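Reading the sequence shown from the start, the letters are residues 1 to 123 in the numbering used here.
No wet-lab data here; the hints were simulated from the structure.
This list has only true hints and no planted wrong ones.
Cβ-Cβ distance ranges computed for the label pairs, FRET-style:
1. 106 with 57: 16 to 26 Å
2. 117 with 97: 26 to 36 Å
3. 120 with 83: 18 to 28 Å
4. 51 with 26: 33 to 43 Å
5. 2 with 72: 21 to 31 Å
6. 122 with 17: 17 to 27 Å
7. 17 with 102: 17 to 27 Å
Here are the simulated DSBU-like pairs of lysine-lysine, each with C-alpha atoms no more than 30 Å apart in a straight line:
8. 50 with 80
9. 6 with 107
10. 80 with 70
Treat the numbers as computed from the prediction; the structure is a model and nothing was measured.
For each residue, glycine too, the CB sits at the ideal point set by N, CA and C.
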Amino acid sequence: MNEEVKANLDRSEESILVARELYDSEHYDFSASRAYYSVFYAATALLLAKGFTFKTHSGVISAIHQRFVKTGLIDREIGKDLNWLFELRNIGDYGEIRHVPQEDAEKAIIAADRFVQTIQALI
Numbered sequence: 001m002n003e004e005v006k007a008n009l010d011r012s013e014e015s016i017l018v019a020r021e022l023y024d025s026e027h028y029d030f031s032a033s034r035a036y037y038s039v040f041y042a043a044t045a046l047l048l049a050k051g052f053t054f055k056t057h058s059g060v061i062s063a064i065h066q067r068f069v070k071t072g073l074i075d076r077e078i079g080k081d082l083n084w085l086f087e088l089r090n091i092g093d094y095g096e097i098r099h100v101p102q103e104d105a106e107k108a109i110i111a112a113d114r115f116v117q118t119i120q121a122l123i
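Using the sequences and the accompanying hints, generate a full structural model.
Written as structure tokens, this is what we have:
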């Protein structure tokens, strides 16, 4: 495994751990954001492992859908989780008066875990 792929997988693992810590501390906005970043780093690792690079979040998300969800390598529900986590991250990071509810932060961690496990199996 190349160093950049491994670095992204390591960031993914660390991000999900931090998401759990933030959730336990009742910081739901930041917990959801870290859950998304866990998924983003894992997705980036998969794309790198397959020889693709993208510079934007939307580019990574689009590539995952085009190359893995549409081809059936990743389940559609997991693809939907990726989109939902991105939306949730936008609320957590930029929501101004809106906040991520506790229930959504908890679901985000579960969805991120499922996504990361799927990615690790593909790498």
